[in-house]
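As you go down the protein sequences, you meet chains A and B in turn.
With this note's numbering as the guide, the letters of the first sequence map in order to residues 11 to 340.
With this note's numbering as the guide, the letters of the second sequence map in order to residues 80 to 379.
In short, the hints are calculated from the structure, not lab data.
Remember, predicted model here, so these are calculated numbers, not experimental data.
For glycine and all other residues, C-beta sits at the position ideal for the given N, C-alpha and C.
Check each hint, because a few of them may be wrong.
[Stated by the list, open to error] A few chain B residues that don't get close to chain A, going by computed Cβ distances all over 12 Å:
1. L158
2. L170
3. L173
4. V183
5. K215
6. L219
7. R314
8. Y323
[Claimed, not checked] Restraint ranges, calculated between C-beta atoms of paired labels, are given here:
9. B:E236 - A:F231: 36 to 46 Å
10. B:K151 - A:F256: 49 to 59 Å
11. B:R188 - A:L241: 16 to 26 Å
12. B:K151 - A:I172: 29 to 39 Å
13. B:R214 - A:A33: 47 to 57 Å
14. B:R214 - A:M181: 53 to 63 Å
15. A:V165 - B:H99: 23 to 33 Å
16. A:L20 - B:H187: 56 to 66 Å
17. A:I164 - B:H187: 31 to 41 Å
18. B:R214 - A:K207: 43 to 53 Å
19. A:I172 - B:H99: 29 to 39 Å
20. B:S193 - A:L241: 42 to 52 Å
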Amino acid sequence: MKRKSLLLSLLFLFAFLFIWALATERKKIDVKSIALSTSQVSELTKGQLSKPDVLSLVELGLTFEQITQISDIGVSLADIDAAGGVKAFGFTTGGVAEEATETTGFPSPALVWKESWEQLKDPFYDKGPNDKGIGIQLMYSLKRVAVGFILAIIVAVPLGFIIGMFPVANMALMPYIQILKPISPLAWLPVALYIIKDSEQASIFVIFICSIWPMLINTAFGVSSVKKDYLNIGNTLELSKLELAFKIMLPATAPTIFTGMRISIGIAWLVIVAAEMVIGGIGVGYFVWNEWNGLNLASMIFAIFVIGIVGLFLDLLIGLLVKKFNYEEI
Amino acid sequence: MSSFLRGELLTKIFESEDKHEPLTVFQDLSFEIHKGEFICCIGHSGCGKSTILNILSGLDQATLGTVLLDGKVVDRPGLDKAVVFQNHSLLPWLSALKNVEFGVAAKHRDWTKSKVHQHSVDFLKLCSLKETIDRKPSQLSGGMRQRVGLARAFALESELLLLDEPFGALDALTRGSIQDELVNICRQTEQTVFMITHDVDEAILLADRIFLMSNGPYATISEIINVDIPKPRSRTNLFKAKNYYATRNHIIDFLVNRCNETREKPTTPGKKKISFPPEVSPQAEGSDIALTASSKKVAS
Numbered sequence: 011m012k013r014k015s016l017l018l019s020l021l022f023l024f025a026f027l028f029i030w031a032l033a034t035e036r037k038k039i040d041v042k043s044i045a046l047s048t049s050q051v052s053e054l055t056k057g058q059l060s061k062p063d064v065l066s067l068v069e070l071g072l073t074f075e076q077i078t079q080i081s082d083i084g085v086s087l088a089d090i091d092a093a094g095g096v097k098a099f100g101f102t103t104g105g106v107a108e109e110a111t112e113t114t115g116f117p118s119p120a121l122v123w124k125e126s127w128e129q130l131k132d133p134f135y136d137k138g139p140n141d142k143g144i145g146i147q148l149m150y151s152l153k154r155v156a157v158g159f160i161l162a163i164i165v166a167v168p169l170g171f172i173i174g175m176f177p178v179a180n181m182a183l184m185p186y187i188q189i190l191k192p193i194s195p196l197a198w199l200p201v202a203l204y205i206i207k208d209s210e211q212a213s214i215f216v217i218f219i220c221s222i223w224p225m226l227i228n229t230a231f232g233v234s235s236v237k238k239d240y241l242n243i244g245n246t247l248e249l250s251k252l253e254l255a256f257k258i259m260l261p262a263t264a265p266t267i268f269t270g271m272r273i274s275i276g277i278a279w280l281v282i283v284a285a286e287m288v289i290g291g292i293g294v295g296y297f298v299w300n301e302w303n304g305l306n307l308a309s310m311i312f313a314i315f316v317i318g319i320v321g322l323f324l325d326l327l328i329g330l331l332v333k334k335f336n337y338e339e340i
Numbered sequence: 080m081s082s083f084l085r086g087e088l089l090t091k092i093f094e095s096e097d098k099h100e101p102l103t104v105f106q107d108l109s110f111e112i113h114k115g116e117f118i119c120c121i122g123h124s125g126c127g128k129s130t131i132l133n134i135l136s137g138l139d140q141a142t143l144g145t146v147l148l149d150g151k152v153v154d155r156p157g158l159d160k161a162v163v164f165q166n167h168s169l170l171p172w173l174s175a176l177k178n179v180e181f182g183v184a185a186k187h188r189d190w191t192k193s194k195v196h197q198h199s200v201d202f203l204k205l206c207s208l209k210e211t212i213d214r215k216p217s218q219l220s221g222g223m224r225q226r227v228g229l230a231r232a233f234a235l236e237s238e239l240l241l242l243d244e245p246f247g248a249l250d251a252l253t254r255g256s257i258q259d260e261l262v263n264i265c266r267q268t269e270q271t272v273f274m275i276t277h278d279v280d281e282a283i284l285l286a287d288r289i290f291l292m293s294n295g296p297y298a299t300i301s302e303i304i305n306v307d308i309p310k311p312r313s314r315t316n317l318f319k320a321k322n323y324y325a326t327r328n329h330i331i332d333f334l335v336n337r338c339n340e341t342r343e344k345p346t347t348p349g350k351k352k353i354s355f356p357p358e359v360s361p362q363a364e365g366s367d368i369a370l371t372a373s374s375k376k377v378a379s
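Required output: the full structure, derived from the provided sequences and hints.
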């Protein structure tokens, strides 16, 4: 079962890479045929060169101007071959074709791999404010998420306990929670920027506000649905209210709370990328936007993969906690 | 013998929101239980047996009437009353051992960790649990879970042990062996036990006296039967005892034929409380009648 699924996963990966490679390969040829318009081709074929000759020169990577020079000299392709190729005429080949794919075409898997390797070789380089390694960018993003997330835990878990324990608090606060919850965290960004006047803290606030809801709602739900039997055990043992909360309610609701955290961290990681794109400065979100602005598509795609992989690890991390504190109801 | 646990004119009324008529489950229950006695309570479903047990444990409150344990009013749950619920109520995130330790540590707050551990292990051993004590409840069989629940209750060494159909969910074989252990442990600890059961043989095996309850609503204790079979009893020799079949037939006859007859006509309970405050009447009227009735029947 496990082997089968692994094989299938790898199959999907290879299929994806193959299609990607194929798609970007085609783009290269397209670029070349577009490079010369029909009027240009007819102009070039006025001399010794035939139409297939022109196309094969384009295949070699020569520009319109270079081929015009060859045409002006008045040699045919056979003459060029006899003289030892286009290089004998002092033309550099390949330049056009490569440049064309790098700047205008979508990068091929190989190119992204090469770029990723370059980035991963030195993830912590720092060449000024707009050129820092992916490691530094990640550290900033993770720090913002961590601070916002921990603040959210500090607020959401105790508040969730109160809402879960006292139906009055539940009824009084639920309308506000229901209104605030569906607001996109990014909508808070201008408000936060205006009030706090610090982009770093504003992005932390956005993470805080988006992480708080799943944890709050899950904690409240978990606490309110703690089995009465468990509380009865505590009561017959004359536990104090505080002991009841920490020794019975907390372990009983831990799986639900951690599940809420798992949802929260996922949302936080989604939101930080968007927030950093808006705020700018530093962070993976800004990195992606910056690479887009510089049209470094390979680097941008690499960053997108990195975001996905880091998100996966964050989820696994909280998933481990869920598993550790999970118990089987009897 | 002085009474150790006593219920005085207990009435439980459940207010219902959708139905306009409030439901009186039982009315004017009075009984006395002596120290060291083993009481079994038998009745059909819905007569309020579990509610009585919850009131005795302090987890629930009677609408009218009081429960006195050793002269003190029972108004809250506490360590002097150990309870084993129908569904054993173990904390599923703790191992069997930790479940017992949890109770022991709550009772003896000044004990060291090793002392709590030793005490817990001793009582788990008493309930024939040794190898499996580090497992979580979900990894234990139904019988083992019930033993852990009993071990936790015994380890508290409370004066009063309340058992709510503790063997209800067990198969006959497991039930038998745990019953034997219960007999042994109760002989050693000399605890006062109030146990709810559906099983007539179980009641005869374990009880000194059996409370027979009429059907609800307006249920009451119709008869109290003295089980006149010498202790120690065992499952194997119980059937040879002289009074066994007489007692058994009497109970079954009650459960099949007579449990509906004794239903009292509803009176206004509010009035009654004012006219007979429980503190004033040393022995309740209903209980007196029941006692004489039962003694006659056992004698005949």
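Cross-check of the supplied hints:
1. Interface exclusion of L158 (chain B) from chain A breaks down, the closest Cβ pair being 5 Å apart, not more than 12 Å.
2. The Cβ of L170 (chain B) does not lie farther than 12 Å from every Cβ of chain A; its closest approach is about 6 Å, which violates its non-interface assignment.
3. Annotated as non-interface, L173 (chain B) brings its C-beta within 12 Å of a C-beta of chain A; the closest such distance is 8 Å.
4. Under the 12 Å C-beta cut-off, the non-interface status given to V183 (chain B) relative to chain A is violated; the minimum distance is some 10 Å.
5. Not every beta carbon of chain A lies more than 12 Å from that of K215 (chain B), the smallest distance being close to 7 Å; the non-interface claim is violated.
6. A Cβ of chain A approaches the Cβ of L219 (chain B) within 12 Å, the least distance being about 9 Å, so the stated non-interface status is violated.
7. Remark: the non-interface label on R314 (chain B) is consistent with the geometry, its nearest Cβ contact in chain A lying 28 Å away (cut-off 12 Å).
8. With a least beta-carbon separation of about 35 Å from chain A, Y323 (chain B) lies farther than 12 Å from that chain, consistent with its non-interface assignment.
9. Roughly 38 Å separates the CB atoms of E236 (chain B) and F231 (chain A), a value that falls within the hinted 36 to 46 Å.
10. Here the CB-CB span from K151 (chain B) to F256 (chain A) is close to 29 Å, at odds with the stated 49 to 59 Å.
11. Range check, R188 (chain B) to L241 (chain A): Cβ separation about 20 Å, and the 16 to 26 Å hint holds.
12. For K151 (chain B) and I172 (chain A), the Cβ-Cβ distance of about 34 Å falls inside the hinted range of 29 to 39 Å, so the restraint holds.
13. A hinted range of 47 to 57 Å for the beta carbons of R214 (chain B) and A33 (chain A) is consistent with their spacing of about 56 Å.
14. At roughly 41 Å, the beta carbons of R214 (chain B) and M181 (chain A) sit outside the given window of 53 to 63 Å.
15. Take V165 (chain A) and H99 (chain B): their Cβ atoms lie about 44 Å apart, and the range 23 to 33 Å is violated.
16. Checking the proposed 56 to 66 Å range against L20 (chain A) and H187 (chain B) shows it holds: the Cβ atoms sit about 59 Å from each other.
17. Distance hint check for I164 (chain A) and H187 (chain B): the Cβ-Cβ separation is about 35 Å, which falls inside the suggested range of 31 to 41 Å.
18. Between R214 (chain B) and K207 (chain A), the C-beta spacing of about 57 Å breaks the proposed range 43 to 53 Å.
19. Distance hint for I172 (chain A) and H99 (chain B): a CB-CB separation of about 35 Å, consistent with the stated range 29 to 39 Å.
20. At roughly 29 Å, the beta-carbon separation of S193 (chain B) and L241 (chain A) lies outside the given 42 to 52 Å, and the hint is violated.
In terms of the numbered hints stated before, the structure departs from hints 1, 2, 3, 4, 5, 6, 10, 14, 15, 18 and 20, listed from lowest to highest.
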